[in-house]
Structure formats: structure tokens, C-alpha cells
Amino acid sequence: MLALNTEYGQADPGVIVREVRERGVDVLILLEVSPQLWQALQAGGLGELLPHATGSVGADAGGSIIAAATPLTCPPERADAPRAGCAIRTRPHARGSGSRFDQPIASLSDGTVVRAAHPWPPRPYPARWRAEQADLQRWIEQQHRESRGGPLVVAGDFNSGPVHPAFRELARGLDRAPRRQLPWPRTWPRETVVPPFVAIDHILARGRTADDEAVIAVPGTDHAAVWARLRP
Numbered sequence: 001m002l003a004l005n006t007e008y009g010q011a012d013p014g015v016i017v018r019e020v021r022e023r024g025v026d027v028l029i030l031l032e033v034s035p036q037l038w039q040a041l042q043a044g045g046l047g048e049l050l051p052h053a054t055g056s057v058g059a060d061a062g063g064s065i066i067a068a069a070t071p072l073t074c075p076p077e078r079a080d081a082p083r084a085g086c087a088i089r090t091r092p093h094a095r096g097s098g099s100r101f102d103q104p105i106a107s108l109s110d111g112t113v114v115r116a117a118h119p120w121p122p123r124p125y126p127a128r129w130r131a132e133q134a135d136l137q138r139w140i141e142q143q144h145r146e147s148r149g150g151p152l153v154v155a156g157d158f159n160s161g162p163v164h165p166a167f168r169e170l171a172r173g174l175d176r177a178p179r180r181q182l183p184w185p186r187t188w189p190r191e192t193v194v195p196p197f198v199a200i201d202h203i204l205a206r207g208r209t210a211d212d213e214a215v216i217a218v219p220g221t222d223h224a225a226v227w228a229r230l231r232p
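Residue numbers (full-length UniProt numbering): 1 to 232.
Be a bit skeptical, because a hint or two may be false.
Stated by the list, open to error - Okay, the calculated beta carbon distance ranges per label pair:
hint, residue 1, residue 2, range
1, G111, P219, 18 to 28 Å
2, I216, P183, 11 to 21 Å
3, A69, A217, 20 to 30 Å
4, T90, R18, 35 to 45 Å
5, R148, T192, 18 to 28 Å
Rather than coming from a laboratory, the hints here were simulated on the basis of the structure.
No residue lacks a Cβ here, since even glycine has one placed at the ideal position from N, Cα and C.
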């Protein structure tokens, strides 16, 4: 699995496709996907590698996509994007604190439930940040009950990390990647005068364990991609 916040669709599409191909990625989660980036990815061959996709594209930061090598099954209501079936839709342009980031949900052919994670950042609305962290935790707990502990993967930009009690609560009992980079994984901010110093991009899994992982620099975005090879 590979997950990347593309920063308003500015990430280099050629690098994304190359990483998918070379690492044998069979599930890709992209956040802040613009229509132009999605078109460039398709033109670059992503659709041949990962022909099944669901989620949204948009001019704002709210578009998110799950792309997979095998067919997806999508629930009637996806998180923050109530539309039936698996498809790529275009978000209406939204501004201000009332907008939300899409966080699509899909089931893989082996029954694994996958969710793209992109809760609101802590600034400038910390109360909303806390609420959306708690919402994600409740959703994970609900999935555990409803699937009776079935396999689950939640990946993306959590806007939080192990230094935050809210993240530790939602990640409790889940395998987390990446975590082996020394002195600690650092995924943000990139391409600034300040070097990356915090891990806010993660792959969390239940019923799957990462036996290999990486933090990958992708030109054009202030986030690193996170990759993990997950095994039962």
C-alpha cells in the first residue's frame, strides 16, 4: 500500500506512477487530488496498474481517491461522500471551515476494508481537529464490532501522530507503518526551509502486518508518501 497527500494535486504524477510500478503497489490512496493530477496519472499509465478506483477530485483540498489492482466494493454511503457505488466524482468547489475532506471507503476483493484518512488539521480550528480525530476513532471501533475483527486498513494524512493522545487512542491495537526510520519517521513538511520533523502520514492496519516499509520523497508536495508491504 502507498498513501500520499498530493498538496492540492501538485505532486509529480510521473514519480507516483513509477513508485506504484516499482514497488508493486496494489492499493494506492491519494489525498487532495485535483482533476488535472488524476488526468495526468491516467495518461502516465496508472489506470493500467490500478484499474479500479473510487473517490473524488476537486479544485480544493478535499478530493481523495482509493485505486486498486483488483475490483472494489463500495458501501452505499462513504465517509463524507454519500454516493452509492464505486466511481470518481468531481467535488463542488467549497471554501471555508464548513467544507470537509472526502475520506472514501471501499472493500477489497479479499474482504479487507480500506479507508482514506484525512481529518481536519489542528490549526486554525483545534476543536474541529479534536472532533474529527474522535470521529475517526469511533469509525474504527465500529468497524471492529461490525466485522468481528476483520481486516482493516486506514491510511493517509491523519494530521496527527504518536505525540498526540488522540492519535494514540485511534491507533490502539493497530499495526502502524512506517515506524522504523531513525530517529523517527518524518513525513512533513517537505520542500521548505525547515526539514521534515513530524510524522502525520501513516498506514494503520488490523489483521495485516507490515514486513517492509518506506518514507518516500515525491516532488511537488509538502508530504512524503508512506509505503508498506502488508502481510496477513
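In rising order, the numbers of the hints this structure does not comply with
1, 4, 5
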